[in-house]
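Working from the sequences, and respecting the hints, build out all of it.
Taken in sequence, the protein lines are chains R and Y. With our numbering as the guide, the letters of the first sequence map in order to residues 1 to 286. With our numbering as the guide, the letters of the second sequence map in order to residues 287 to 623.
These aren't lab readings, by the way, just hints derived from the structure by calculation. In this text, a Cβ means the ideal position worked out from N, Cα and C, and glycines have one as well. A hint or two may mislead.
Claimed, not checked - Computed list of lysine-lysine pairs in DSS-like fashion (alpha-carbon distance at most 27 Å, straight line): (1) R:155 <-> R:281; (2) Y:420 <-> R:155; (3) Y:501 <-> R:281; (4) Y:513 <-> Y:501.
To be verified - Derived coverage of chain Y by chain R (criterion: at least 3 residues anywhere in the stretch with Cβ under 8 Å from a Cβ of chain R; other residues may be distant): (5) 333-342; (6) 352-365.
Claimed, not checked - Label-pair distances were calculated between CB atoms; the ranges are: (7) Y:353 <-> R:127: 54 to 64 Å; (8) R:54 <-> Y:391: 31 to 41 Å; (9) Y:422 <-> R:259: 42 to 52 Å; (10) Y:402 <-> R:159: 42 to 52 Å; (11) R:200 <-> Y:422: 51 to 61 Å; (12) R:176 <-> Y:426: 47 to 57 Å; (13) Y:415 <-> R:54: 48 to 58 Å; (14) Y:420 <-> R:184: 51 to 61 Å; (15) R:159 <-> Y:471: 44 to 54 Å; (16) Y:361 <-> R:252: 46 to 56 Å; (17) Y:577 <-> R:69: 48 to 58 Å; (18) Y:485 <-> R:58: 46 to 56 Å; (19) R:282 <-> Y:422: 21 to 31 Å.
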Amino acid sequence: MLLLVVTTASLGGALSNIREAVEESSDFIFLKLFTTSGSAIYSFATFMAFLGPLAGITLGFDAVSNERSQGTLNRLAAQPIYRDSIINAKFLAGSTVIFLTVFMLGFYISGMGLMLIGIPPSGEEVLRIFAFLLFTWVYISFWLALSIIFSVVCKHAATAALASMSIWLFLSLFMSLVASAVANSIFPTSGIAGFANISSNYSATLALNRISPYYLFSEAATTILNPNVRSIGMVTMSQLSGAIAGPLPFSQSLLLVWPHLVLMIALVIAGFAIAYIAFMKQEIRA
Amino acid sequence: MTERIILETHDLTKQYDDVTAVDHLNLSVREGEVFGLLGPNGAGKTTTTLMLLGLTEPTSGSAIIDGMDCVRQSIQIKSTVGYLPDNVGFYPDLTGRENLRFTGQLNGLSPQVCEQRIDRLLERVDMTYAADRKAGTYSRGMRQRLGIADVLMKDPRVIIMDEPTLGIDPEGMRELISLIRRLSTEDGRTILISSHQLYQIQQICDRVGIFVSGKLIACGPIKELGKQLESEGSYILELSAEPDDGMLEKKLSALEGVRSVTRQDDLIHVDSSRDIRPELMPLLMDGGYQLLHLHLRGGDLDEIYRRYFEKAGESSEHPTAEKKRPGLLEQLQKKRG
Numbered sequence: 001m002l003l004l005v006v007t008t009a010s011l012g013g014a015l016s017n018i019r020e021a022v023e024e025s026s027d028f029i030f031l032k033l034f035t036t037s038g039s040a041i042y043s044f045a046t047f048m049a050f051l052g053p054l055a056g057i058t059l060g061f062d063a064v065s066n067e068r069s070q071g072t073l074n075r076l077a078a079q080p081i082y083r084d085s086i087i088n089a090k091f092l093a094g095s096t097v098i099f100l101t102v103f104m105l106g107f108y109i110s111g112m113g114l115m116l117i118g119i120p121p122s123g124e125e126v127l128r129i130f131a132f133l134l135f136t137w138v139y140i141s142f143w144l145a146l147s148i149i150f151s152v153v154c155k156h157a158a159t160a161a162l163a164s165m166s167i168w169l170f171l172s173l174f175m176s177l178v179a180s181a182v183a184n185s186i187f188p189t190s191g192i193a194g195f196a197n198i199s200s201n202y203s204a205t206l207a208l209n210r211i212s213p214y215y216l217f218s219e220a221a222t223t224i225l226n227p228n229v230r231s232i233g234m235v236t237m238s239q240l241s242g243a244i245a246g247p248l249p250f251s252q253s254l255l256l257v258w259p260h261l262v263l264m265i266a267l268v269i270a271g272f273a274i275a276y277i278a279f280m281k282q283e284i285r286a
Numbered sequence: 287m288t289e290r291i292i293l294e295t296h297d298l299t300k301q302y303d304d305v306t307a308v309d310h311l312n313l314s315v316r317e318g319e320v321f322g323l324l325g326p327n328g329a330g331k332t333t334t335t336l337m338l339l340g341l342t343e344p345t346s347g348s349a350i351i352d353g354m355d356c357v358r359q360s361i362q363i364k365s366t367v368g369y370l371p372d373n374v375g376f377y378p379d380l381t382g383r384e385n386l387r388f389t390g391q392l393n394g395l396s397p398q399v400c401e402q403r404i405d406r407l408l409e410r411v412d413m414t415y416a417a418d419r420k421a422g423t424y425s426r427g428m429r430q431r432l433g434i435a436d437v438l439m440k441d442p443r444v445i446i447m448d449e450p451t452l453g454i455d456p457e458g459m460r461e462l463i464s465l466i467r468r469l470s471t472e473d474g475r476t477i478l479i480s481s482h483q484l485y486q487i488q489q490i491c492d493r494v495g496i497f498v499s500g501k502l503i504a505c506g507p508i509k510e511l512g513k514q515l516e517s518e519g520s521y522i523l524e525l526s527a528e529p530d531d532g533m534l535e536k537k538l539s540a541l542e543g544v545r546s547v548t549r550q551d552d553l554i555h556v557d558s559s560r561d562i563r564p565e566l567m568p569l570l571m572d573g574g575y576q577l578l579h580l581h582l583r584g585g586d587l588d589e590i591y592r593r594y595f596e597k598a599g600e601s602s603e604h605p606t607a608e609k610k611r612p613g614l615l616e617q618l619q620k621k622r623g
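Dropping the structure here:
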């Protein structure tokens, strides 16, 4: 519900500003629906990066602890089913819901956008939108897996919710501060040596930032939705010389964020694996 | 009742860090009997039931139900063994009927069999009137009865119940107990009940096992356990007489074989190593007392329970120290006498 409202709001914001955006460049108008933000409202992609985790956490934080406090977990475990099917089902159900929600929102934006701006998306744009929605799905699934871990480990649903939320807040808001602080202390950019350190400072910040799935997703989403993003990370002047300014084809954009996707999928699998092992080793008692 | 052993454990042990919850348990339950597992809280009853179901892995030893190993074949075990946990829970958003249907589906019943069985079982546990209400609105007694229906959904041969009578009002308790009894007599199911509530167990169990800190210290039919105690020379007489002047107690303790005379409100408890009833009457007559109440304890489970716990150096409700004191007093008195 919250996501739907937010999506509508961001769509409104995008529509109000799309005229200006189009004046700047007339390529890939349809994608701008997802990335353009209104004066007071963030764009859809930003909202997904920021509020998507909340949706994942909501679906997962009481998955196991709720069963336990209701007293249904041991009744369930006493049925002739394997124990892992319980945790598998929890994750698959949540992940399916996320998939449906994300794609529904994506289609909602596209449909409304189509009606309101009247410009059909090109084939490449459709592909890019699908890729973006898939990324979003994987990204939110990570948060689902994380909150399921906490719901297995914590006795109370409230503890699990708070723990997941604090991780979410830390990774989305404070990780960049921490990253630059750490990078600055390792490679100080002031003083005589500072000049030499600029490059390593930047890559250290970037590497630390990329620990956070929030940053990974934002980077990937920008690259996918904005064909004009040609590179992530640092580009030197010598690399830039001779480059022709122009949008990248879809396959090249995808190639650029392929490591991001792999890493995010790995994070989801790792998160789920931890939850799975914790659950299987746990005692089931009232 | 047949003599076939359906449930067996061999040296079943469960170790939690430095606590041994269940210590080399050897238990055998015959097919079709109602077996009561008695013991104070924390004696390891729940751990035992969980190990029988394969929900907890034993540290060592094995448990076998109907020829199947409880650790290796836990799926088969779980389809023949029904488990009613204490404080059984249901999904509050689903109705009672939907909750049962879910269990039926988990057990792989076909929809037709499932519906038929739901109707029959709801009728049996007298829950038809509330079947289409949300389970979140049920009272504890209703949940417990729905729990029994839930266990019966899979048509189990063995039913394990963990504290089934806890927190239920007397009327509900009576119904529940007759229901459990009928499960054994009418359907021939084997039932294992773990509980610390003695009177209910006494009413329905064929045999009981007394369980203290992970060890089974006594096992057998209730009457036999009583006799076992009597043969060890322990008689407890409960009496009250008029006039209640305090002289009676002195006279009683002067009798041969009397170990202690204690007073609880109006009742005088006489602990003796032999039956003093034949001498009691003349004693009362001479003193001009009128007998108001006389009861020889020892045959009921309460006494058996207490005795065994004392023997094991444990108490049913209180920490060890409190109950040891009367034991020490008795010893002192023994030395004097």
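The hints, checked one at a time:
1. Taking the CA atoms of residue 155 of chain R and residue 281 of chain R, the gap is near 15 Å; set against the 27 Å cutoff, the hint holds.
2. Proximity of residue 420 of chain Y to residue 155 of chain R is assessed by CA-CA distance (about 26 Å); at most 27 Å being required, the pair is judged to hold.
3. For the given pair, residue 501 of chain Y sits about 26 Å from residue 281 of chain R by alpha-carbon distance, which is consistent with the 27 Å threshold.
4. For the proposed pair residue 513 of chain Y and residue 501 of chain Y, the alpha carbon gap of about 21 Å is at most 27 Å, so the pair holds.
5. Closer than 8 Å: that is the beta-carbon criterion, and the stretch 333-342 of chain Y has 4 residues meeting it against chain R, so the requirement of 3 holds.
6. Note: the stretch 352-365 of chain Y has 4 residues with beta-carbon separation from chain R under 8 Å; the three-residue rule is met and the coverage holds.
7. Against the hinted window of 54 to 64 Å, the Cβ-Cβ separation of residue 353 of chain Y and residue 127 of chain R comes to about 59 Å, which satisfies the hint.
8. For the hinted restraint 31 to 41 Å between residue 54 of chain R and residue 391 of chain Y, the CB-CB distance of approximately 32 Å keeps it satisfied.
9. Residue 422 of chain Y and residue 259 of chain R have their C-beta atoms about 48 Å apart, which keeps the hinted 42 to 52 Å range intact.
10. In this structure, residue 402 of chain Y and residue 159 of chain R meet the distance hint of 42 to 52 Å, their C-beta atoms being roughly 44 Å apart.
11. Look at residue 200 of chain R against residue 422 of chain Y: about 59 Å separates their beta carbons, and that is inside 51 to 61 Å.
12. Against the hinted window of 47 to 57 Å, the Cβ-Cβ separation of residue 176 of chain R and residue 426 of chain Y comes to about 52 Å, which satisfies the hint.
13. Taking the beta carbon of each, residue 415 of chain Y and residue 54 of chain R are about 42 Å apart, not inside 48 to 58 Å as hinted.
14. With their beta carbons about 58 Å apart, residue 420 of chain Y and residue 184 of chain R fall inside the hinted range of 51 to 61 Å.
15. Separation of residue 159 of chain R from residue 471 of chain Y is about 47 Å and conforms to the stated range, judged on CB atoms against 44 to 54 Å.
16. Checked against the given bound of 46 to 56 Å, the beta carbons of residue 361 of chain Y and residue 252 of chain R, roughly 51 Å apart, stay inside it.
17. Between residue 577 of chain Y and residue 69 of chain R the beta carbon distance is about 55 Å. The supplied range of 48 to 58 Å therefore holds.
18. Under the hint 46 to 56 Å, the C-beta atoms of residue 485 of chain Y and residue 58 of chain R, about 48 Å apart, fit the expected range.
19. At roughly 26 Å, the beta carbons of residue 282 of chain R and residue 422 of chain Y sit within the given window of 21 to 31 Å.
Going down the numbered hints, you'll see the structure goes against just number 13.
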